[in-house]
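One-letter residues, chain by chain:
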Amino acid sequence: MTPASQTLLRIEGLTIDLPPGADRPHAVQDVSFHLDQDEILCIVGESGSGKSMVSRAILGLFASRQIKVGAGRIDFKGEDLLGVSDARLRALRTRHIAMVFQEPMTALNPVMKIGQQILEVLDVHADGDPGGRRQRVLDVLDAVHLPDPARIFDAYPHQLSGGQRQRAMIAMALVLEPEVLIADEPTTALDVTTQAQILALVREIQRKRRMGVLFITHDFGVVADIADRIVVMQRGQVVEQGAAREVLGAPRADYTRTLLAAVPGLHPVSSAQAASPAAQPEVLRVSGLCKTYGTPGLLPRRGARRVHALNDVSLSIRRGETLGIVGESGSGKSTLARCITRLVDPDAGEILLNDVDITTLGQRALRSARRRMQMVFQDPYGSLNPRKTVGSLVAEGPIVHGTAPAQAWSRARELLELVGLDARALDRFPHEFSGGQRQRIGLARALALEPDILVLDEPVSALDVLVQEQVLQLLADVRRRLGLTVLFITHDLRVACQVCDRIAVMRRGEIVESGPVAQVFSQPAHGYTRELLAAVPGRGQAFGREAGVA
Amino acid sequence: MKDFAVRFMRNRPAVVGLALLLGVVGVALLAPVVYPGSPFEMVGAPFQPPLGDYLFGTDMLGRNLTAAVAYGARVSLLIGLVATAIATLLGVAIGGLAGYFGGWVDTLLMRVTEIFQTIPFFLFAILLVAVLTPSLHSVVFAISVVSWPPMARLVRGEFIRVRSREFIEACVSMGMSHRRIIFLHILPNTLSAIIVTGSLMVATAILIEAGLSFLGLSDANIMSWGYIIGAGRSALRTAWWVCAIPGMAILVTVMAINLVGEGLNDALNPRLKRL
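Chain order of the listed sequences is D and F.
Just so it is clear: in the first sequence, position 315 is 308 by our numbering, and no numbers are missing.
Add 4 to a position in the second sequence, counting from 1, and you land on the number used in our numbering.
Since the hints were made in silico from the structure, they are not lab data.
Keep in mind that this is a model prediction, so the values were computed, not measured.
Be aware that one or more of the hints could be misleading.
What the hints assert, rightly or not - In silico lysine to aspartate or glutamate, DMTMM-like type, Cα no more than 20 Å apart, as pairs:
id	chain 1	residue 1	chain 2	residue 2
1	F	K6	D	E425
2	D	K381	F	E170
3	F	K6	D	E5
4	D	K381	F	D7
5	D	K61	D	E5
Use the sequences and the hints to build the structure in full.
Set out below in structure tokens:
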């Protein structure tokens, strides 16, 4: 690091007020930190910690007029950004301080070409001579390693992949060569392999242009890969800040320690349960499963896109075993879960559940077979009917299948206790519970039917790391007590590694590799598996139980 | 439910609307008590101006206009409510089936809905009443037939939105029947939209009824607002109040219903208003 690094941003005693009636009076309270040239500063925290609010306060970009800065200073090279006029703030935006957002699809205007959108930034700031602007846009597209900049210039956002869109966003932020880049969860919506590329790009550009980067994220893996210094936030307050090595290696605050311990490690738990006996009968056997989306319809259109979501997929699960399906978005893993639970009809292949092929069952037989396979969904907010009490949500399944209501309700009470909620939850509505509690309710609902196989579709992806750890522990506990057979769908290799006995890696509708977790993680046979493993953020850092921090 | 009442009561225009509407309903209920005779009965000299012997004066045949307007409220509200109830049932059934099952069911039902929407609705109502001979039943029937398509489109959209939520997938995977999913899981989640649209439909139905009876297309033995205006229009220059007073009654009632509908909308969907 060059000794000549100067401080770019200095935030002192920043307090942001929330409108009356919110769950707390201040979004952030008394936050102070600084950002220097030549460094990447990560603000890390769970959802609701106020980390995004801080980044928005810097450029005066609040979503609602009701949110106001209550106190503090935001000092940019000697100028207090909270005191300057709107015109001055506009001039500073992008020219000196630029921002990259989380959702590359919604942050770009869908009806404008990429090149035009970047050109507009130059036009608005009337920067340089108009004739040379197009070339500057092409240069910056090249700098973010977009292939064929001339083609990208004339492309619309929907014609690019997620990673390319995020590169275009970064190009737009960089075109005026700002001193400060604020990146708010820029890789959260991306797949791991794309994420790894974008992180490398941010690092490269920051070095090359000697910028200060304020990087906001919830993912400690990403932090470990990219941060020079770290600010940890909890409920609107800074609990710890310091150099990356110190915060990750020897955290001082209890909260940081808990967070770090909650990140799942990358080494399989070599437990006794892994020795699942091969003698157990197969509960589920899937062979030659195919599913294609984009049916031709009555009048087949020429060149209509057909997506092979599943292409000749075969797998089997024995009783008491947990099989993980991992893959990136679009790999077909969710389609597989939905075919197995018959929410989607497969085009070909068979699904044997206890040696009965459920693809050929009629309406009525299928309805009663459904109780043998239950699903827990990804979205804790969308998967529970908001108009029903928790008790009736859990008891309804058994009642539909002929259990006496009184018995179903007492079973519902037992199950809610099993998943760690008390009986008072019965009469309350889903919106009164947090995300993690809702996933517990979803699990209780699935268990109420005593299924032979439980399909979990990204059950912890929408949860914060601490809650994720609790739900994963609950799952392990319930699995052991009830001897459940589980199909676990996830995109997160860390989670898969902690939960599964065996693992199958999917790409473009096919299973490219499968085997015991330990084997797949230590000696990946397929190139794609190796690529996935290499892209997991924070590989070099020991997390969770491996770290020995407790 | 309590939250809902509190939110509704905080909305001042909606409360004013509700008070006006309750007033109209009260007048309609009390009409036979206060004026026991027929509203068609002649009580005094024709063309008496308002605030004389009779509050609203008399019309060209010497009938008490106050009694006529009070009885007219009964007809307007009755037709508005019954026609809306029928149109809502029809719209919810058609839109719900189309939205839930999708595919060819959706295509078929929506094409039928579009056919109804391409015909100018007032002309269609006139045609139906004229063909079926004017009577209370045919007016209600005609208003229902022309007002269900927007409800069907709305309910279809709502059903599609709710059906794609994960909790419906959970219901399917628990082995529930279509009937159970539709009535116990999807319908309750679309109810607020249906209530709001339905309440505004009552206002439209009252307007259509007034229009039809203005043109003489209603039961000649029933006193209704549109009929009074239609009969009084020839004497507009000499006796403005014969048209103006029932006209005001229509204005007040429709405005009250619209205010209540808006209030329901804001109270049932509080998140829309906050930003």
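Consistency of the hints with the structure:
1. F/K6 - D/E425: The hint holds at about 16 Å.
2. D/K381 - F/E170: Holds, because 14 Å separates the two Cα atoms, which is no more than 20 Å.
3. F/K6 - D/E5: violated (44 Å)
4. D/K381 - F/D7: holds (17 Å)
5. D/K61 - D/E5: This hinted pair holds, its Cα atoms lying about 16 Å apart.
Checked against the numbered hints listed earlier, the structure breaks hint 3 alone; every other hint is satisfied.
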